[in-house]
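Line order of the protein sequences matches chains A and B.
Okay, so the first sequence: first residue is 1 according to this note's numbering, each after it adds one.
Okay, so the second sequence: first residue is 1001 according to this note's numbering, each after it adds one.
What the hints contain is simulated information worked out from the structure, not anything from laboratory work.
A couple of the hints might just be wrong.
Covered stretches of chain B (in silico footprint by chain A; criterion: 3 or more residues with CB under 8 angstroms from a CB of chain A, positions within the stretch not fixed) [what the hints assert, rightly or not]:
1. 1058-1071
2. 1205-1213
Where chain B lies over chain A, by a calculated footprint (3+ residues, C-beta under 8 angstroms) [as the list claims (entries may be wrong)]:
3. 9-19
4. 24-30
5. 59-68
6. 76-83
For glycine and all other residues, C-beta sits at the position ideal for the given N, C-alpha and C.
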Amino acid sequence: MSGAISGYLVFAWSGVLLFGLGLFGFIAHRHLLRRLLAFNIMGSGAFLVLVGLAQDGRGVDPVPHAMVITGIVVAVASTALALVVFRRWYRASGRTDLPEDT
Amino acid sequence: MILRAILAGLLSLGVIVALGWAVLERPAPVENLPERVASAMPESGVEHPITAVLLNFRSYDTLLEIAVLLLAVVVALALREAQPDRPEQMGLDNPLLRSVMAWLLPLILVVAGFLLWAGSYQPGGAFQAGSVLAAAGVLLRLAGAHLGWLDNAALLRAGLALGLLTFIGIGMVVMLPGVPFLTYPEAHAGTLILAIELTLTLSIGLTLLSLFRLNPPYADDPDDARTQGGPKP
């Protein structure tokens, strides 16, 4: 297919790479904070794919953009919630990972 | 451990290749969404396509996302530990930050208001304005302000739920003439969207600020929990 490396697809390719990197970090690390960071990188990759693919030949498609904008705020809120849960978990158990991972 | 890393690397590489292939070979969209949005713009009540999608064409999605935000902050409220809130422990309470804040705060509020207003004709809107508001709150908090009014549980809950309740309320009021949920009448769509966005901005800002503020710094050391009779590792 022609235009594989064309302008608008750069975002989608970067998103795919970020998603893969995040997935690697999510599996390879056991520390919960590292996993949360990796998960956020995966999420950013998904957002980039959505935004990148939304601007193909016929102009910008506003529907994925609207999804991403709400998604970012929801991702921030869920990250904060995860941090609250991690802190409780650390305080209750003194561990920074989950027992089934060791 | 090394085996785990190798397996993770292989899996990630596979996922990258598969996703890249999917991006390359993606099917052409059957619907021309940009064109459909553009043709429906006159009846949306706003001039910017993303705001129109967010708060008119797909407002049901946005409603549910606000519900998710509220759910997150409710769970965080339920999980917090009773503890004295000591903003002075943020360690940033210095005169310079305080006086800079006195200059910055009005500016931040103006930016938030502009983003909210600009959302109807250019990029901007409730989510961006709410995030800017929350940033102002976080900065205030870091500068050592007490923000004591947030300790009023009834006020805090009302503020957190205000956006979602207004959204649902307006969505139901427009049903009176017999149209489906969240179908705004064309003549008043702009005003209704602005009202929803205004309350959403306040609630989003308060939600993000509360998520930050509900967990003030304290000794995370589990040894403290032990001396207080907490569970053992």
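Verification of the hints:
| no. | hint | verdict |
| --- | --- | --- |
| 1 | 1058-1071 | holds (count 6) |
| 2 | 1205-1213 | holds (count 4) |
| 3 | 9-19 | holds (count 6) |
| 4 | 24-30 | holds (count 3) |
| 5 | 59-68 | holds (count 8) |
| 6 | 76-83 | holds (count 6) |
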